[in-house]
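S.K.: Sequence:
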Amino acid sequence: MKPVVSAKNAWACTVVSVYAVFILGAIALLYRNDHEQFVGGRDDVEDGKAASNVIFAAVIVYAAFLVFCGFQGLLHVREKRRGAISL
1 MKPVVSAKNA WACTVVSVYA VFILGAIALL YRNDHEQFVG GRDDVEDGKA ASNVIFAAVI
61 VYAAFLVFCG FQGLLHVREK RRGAISL
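All residue numbers for the sequence shown refer to the numbering used here, where the first residue is 1 and numbers rise by one.
Fair warning: there could be bad hints in the mix.
Stated by the list, open to error - FRET-style restraints, in silico, Cβ to Cβ:
| # | residue 1 | residue 2 | range |
| --- | --- | --- | --- |
| 1 | D44 | M1 | 45 to 55 Å |
| 2 | E46 | K80 | 46 to 56 Å |
| 3 | R81 | V15 | 14 to 24 Å |
| 4 | V4 | R82 | 12 to 22 Å |
These aren't lab readings, by the way, just hints derived from the structure by calculation.
Idealized CB from N, CA, C, for every residue including glycine.
Produce the complete structure using the sequences and hints provided.
M.R.: Take a look at the structure:
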């Protein structure tokens, strides 16, 4: 297989995806547990569990990006070391 994106883009996407999965996961857990900083105010979200479901969906999307971009980065490493895999 040949990489679809450049090595620089693949590794940048991987780093951003790892960061997003951890940060969004933490925020989703805070909403899920009805943390008062997130759902305690007058103008804040009333249904923390619904908000956390939406954020967890974004975590799943970023996890898919993480898998795809990480695989692309590994393809670049493999191509650089041993040559491309040709089918």
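S.K.: Indicate, hint by hint, whether the structure satisfies it.
M.R.: Status of each hint after checking the structure:
Between D44 and M1 the beta carbons are some 47 Å apart, a value that agrees with the proposed interval 45 to 55 Å. One distance hint, 46 to 56 Å for the beta-carbon pair E46 and K80, holds here, with the actual separation near 52 Å. For R81 paired with V15, a C-beta distance near 21 Å keeps the hint of 14 to 24 Å intact. Separated by about 19 Å at the C-beta atoms, V4 and R82 satisfy the suggested range of 12 to 22 Å.
Consistency note: the structure conflicts with none of the earlier hints.
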